[in-house]
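Based on these hints, arrange chain R on the given structure of chain V.
Residues per chain are reported as follows:
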Amino acid sequence: MSNDLLIKNARIIDPNSELDDEGSLLVRNGKIADIFINKEPLITENIKIIDAKGLILAPGLIDIRVFTGEPGHEFRETLASASMAAAAGGVTTFVTMPDTLPVIDDAALVDFIIRRANATAKINILPAAAMTKGLRGKEISEYGLLKQAGAVCFTDGRNSVSSSALLKTAFTYAANFNMPIINHLNDPELGTGHMHAGLMATGLGLKPIPYEAETIPLERDLQLAALSGVRYHGAQISCAASVEIMRRHKERNNNISCGVSINNLSLNENDIGSYRTFFKLSPPLRSEKDRKALISALKEGIIDIIHSDHDPQDVEGKRVPFAQAANGAIGLETLLAAALRLVHSGEVELKTILRALSTNPAKLLGLNLGKLEIGTRADIILFDIDYPWVVKENELLSRSRNTIFERAKMSGKIIKTFVGGKEVFALTER
Amino acid sequence: MSDNFHIDENSKNNKAKPPKNSFFQHKDLLGIAQLNQVEIINLLDRAEEMIAISRQPQKIFPSLTGKTQINLFFENSTRTQSSFEIAGKRLGALVVNMSVKTSSLNKGETLIDTAATLNAMRPDIIVVRHSEAGAVELLSQKVGCSVVNAGDGIHEHPTQALLDALTIRRHKKRLNGLTVAICGDIAHSRVARSNLLLLNLMNVRTRIIAPRTLLPTGIEKLCSEVFTDMDEGLKQVDVIMMLRLQQERISGKLVPSMREYYHFYGLDQERLKLAKPDAIVMHPGPINRGVEIDPLVADGTQSVINEQVEMGVAVRMAVLDFLAGEKAEPAK
Chain V
1 MSNDLLIKNA RIIDPNSELD DEGSLLVRNG KIADIFINKE PLITENIKII DAKGLILAPG
61 LIDIRVFTGE PGHEFRETLA SASMAAAAGG VTTFVTMPDT LPVIDDAALV DFIIRRANAT
121 AKINILPAAA MTKGLRGKEI SEYGLLKQAG AVCFTDGRNS VSSSALLKTA FTYAANFNMP
181 IINHLNDPEL GTGHMHAGLM ATGLGLKPIP YEAETIPLER DLQLAALSGV RYHGAQISCA
241 ASVEIMRRHK ERNNNISCGV SINNLSLNEN DIGSYRTFFK LSPPLRSEKD RKALISALKE
301 GIIDIIHSDH DPQDVEGKRV PFAQAANGAI GLETLLAAAL RLVHSGEVEL KTILRALSTN
361 PAKLLGLNLG KLEIGTRADI ILFDIDYPWV VKENELLSRS RNTIFERAKM SGKIIKTFVG
421 GKEVFALTER
Chain R
1001 MSDNFHIDEN SKNNKAKPPK NSFFQHKDLL GIAQLNQVEI INLLDRAEEM IAISRQPQKI
1061 FPSLTGKTQI NLFFENSTRT QSSFEIAGKR LGALVVNMSV KTSSLNKGET LIDTAATLNA
1121 MRPDIIVVRH SEAGAVELLS QKVGCSVVNA GDGIHEHPTQ ALLDALTIRR HKKRLNGLTV
1181 AICGDIAHSR VARSNLLLLN LMNVRTRIIA PRTLLPTGIE KLCSEVFTDM DEGLKQVDVI
1241 MMLRLQQERI SGKLVPSMRE YYHFYGLDQE RLKLAKPDAI VMHPGPINRG VEIDPLVADG
1301 TQSVINEQVE MGVAVRMAVL DFLAGEKAEP AK
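Chains V and R are the protein sequences, given in the same order.
Position 180, counted from 1, in the first sequence is what our numbering calls 180; the numbers after and before it change by one each time, with no gaps.
Position 178, counted from 1, in the second sequence is what our numbering calls 1178; the numbers after and before it change by one each time, with no gaps.
Next up, chain V with everything else stripped away, as it sits in the complex (with noise of 0.2 angstroms):
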């Protein structure tokens, strides 16, 4: 059996099994065939041995917001160099999302993007398809045919529906097909700011993005969340009253879950400093209070899930005055890493973090991943939890170059990616 793999001496992680301890996993025809805790493995002949020396092993990373520009804006990044990228970071799963040229709110484009991805990326890639046709918030899509080609979940993406009657029609139709939807959260005429409202905005006389813009949309879809018991997602909360509105909610519906970006657990409002539009996101980056808060919020489980929101932008759309600037920043490859640092800072466990980037996305979109179970596809990472670097844009495999963590000193790194039990990324410089 030339393909077994056997990872020894690693510590092995499984949020989903709270397991935490030294052992040793066998993989097998790209699947987990058995995990040795103070056991020895039995070793046959032909087997390929790599020994981790106490390095962490853990399920896959899964990624539920990854804007790429296929089809349509290749030159911002193609599914290809996101999976290079997504490798790099640990990333054995991305959901892309629908803003794309054409709009992916087709069966044939759904189509599209899973055989493009099987032909030319690395890693598992799923996508997203619109919530409404064309991303207009005007008329359904057809859930039905867009679950058959394999979308995995309705969302549109970096709009945020806000029709209160459309809403309560694509929850309820979704529901129909139990399937998940994701909502953008940000209030179109509230949220046409530049920047959280704080005292900087006023500073630096930028239109001001009230909390309001997200918490009014987030009740909303909460409230009809619960009339339909469709799966809901908030895509992304960003402060506070956030947390509290999602707190309240849960007590009564364990159908809904929210994410948060990365940026905003990393940074808060004062990183703009002199308009620096890399950081000039959606949802905003908010005050030191609200990213503590979310924080918090992670640790005692009102937040489920981690997005590195990854969204590359060229210099075109980055390059000009703060207002006019495109949203977004890229994030695959930093993604483990800048959520590390809250566990190097001892604000979150490390099985708390593990478990917002696997094993909830894999609940919330039903995949049977985010685990170490036997059976389940080999989808692994092995990763140094102190292994020191320095983040350097032009080191980085996305093909846009819009980090927020440029010369960012990160703890923690990727050595190897398994998906399917198959290497996609081994770290050289060890």
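Think of the hints as simulated: they come from the structure by calculation, not from any bench.
Mixed in with the good hints, there may be bad ones.
What the hints assert, rightly or not - With a cut-off of at most 27 angstroms between alpha-carbon atoms, the simulated DSSO-like pairs for lysine-lysine come out as follows:
(1) K48/V to K363/V
(2) K1142/R to K207/V
(3) K39/V to K53/V
(4) K1089/R to K207/V
(5) K1253/R to K207/V
Said to hold, decoys possible - Quick partial rundown of chain R residues pointing at chain V, CB under 10 angstroms, derived from the structure:
(6) I1112
(7) G1144
(8) G1153
(9) A1187
(10) P1216
(11) T1217
(12) E1225
(13) V1226
(14) T1228
(15) M1230
It should be emphasised that the depicted structure is a prediction, and the values quoted were computed from it without experimental measurement.
No residue lacks a Cβ here, since even glycine has one placed at the ideal position from N, Cα and C.
Relative to the frame of chain V, chain R by itself:
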């Protein structure tokens, strides 16, 4: 308080040209936030000398002889542009005016491209006005010469704040300890922001008077007191600065109508009596008579609005001289 939101990365990043003045160590004037008290006093003192020059029959102080000054205006402004033009010409500079019509589609790229093009023509000073906050700073990072901010979005308008300070100082003989009320559309005013920064730095008590829909977030931290009742706010002030209310804010957007606004926030003769008897009335112009100010007040004895225009030229001469002047020396 100003340091909380302004990081002046510009002055340290640009090594293209060493500053000429030992007492004014900046390549550009992008905002009041980059200045300290001493620099402001030096600028005002220099401007006083420029007033004298401007009142001579031969209005020339040739410290910019042979230099090229480009006035790059992405937003129309006859007043500010002519003021900078006259200032540059009185200093002997070759002044070129450029009004750039921007399409809403591709504004940003035009800005950077224009900067690169102009930079290649080797100007010594570029004076820029742009409708977006931060645009002037962005442009300054792409050129080697000095850049003066002539207004960027609702961020800053430093020469306006300097000319206002000069006008006040000439009338009141000081800045320290005065009470200044700024009334009107604070939320959308770069003039208000620059003035607050400057006046706070000079230990002036600053009052803000506006309806809540025209107040920006956190304004209470940027001034001494906030009033929504104009009559209360005007009591015993030394200076009243009125701001222009843009037409697009009226008719139900942020205030319901012109007449309601004038009724509660217009400066008329009755209201003026609430201020100190020797209070002066200022306005950055252009004036909307009957919207924010009574014509009788605008053209009355306490109005210094026309004097502000004269001070504008003097202050801009001082700024241009400090940034690019050859014979610049500290004012005594």
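We went through each hint and held it up to the structure:
no., hint, in the structure
1, K48/V to K363/V, "violated, 31 angstroms"
2, K1142/R to K207/V, "holds, 25 angstroms"
3, K39/V to K53/V, "holds, 16 angstroms"
4, K1089/R to K207/V, "violated, 37 angstroms"
5, K1253/R to K207/V, "holds, 15 angstroms"
6, I1112, "holds, 6 angstroms"
7, G1144, "violated, 18 angstroms"
8, G1153, "holds, 5 angstroms"
9, A1187, "holds, 8 angstroms"
10, P1216, "holds, 4 angstroms"
11, T1217, "holds, 5 angstroms"
12, E1225, "violated, 17 angstroms"
13, V1226, "violated, 13 angstroms"
14, T1228, "violated, 17 angstroms"
15, M1230, "violated, 21 angstroms"
In this structure, the hints that do not hold are numbers 1, 4, 7, 12, 13, 14 and 15, in rising order.
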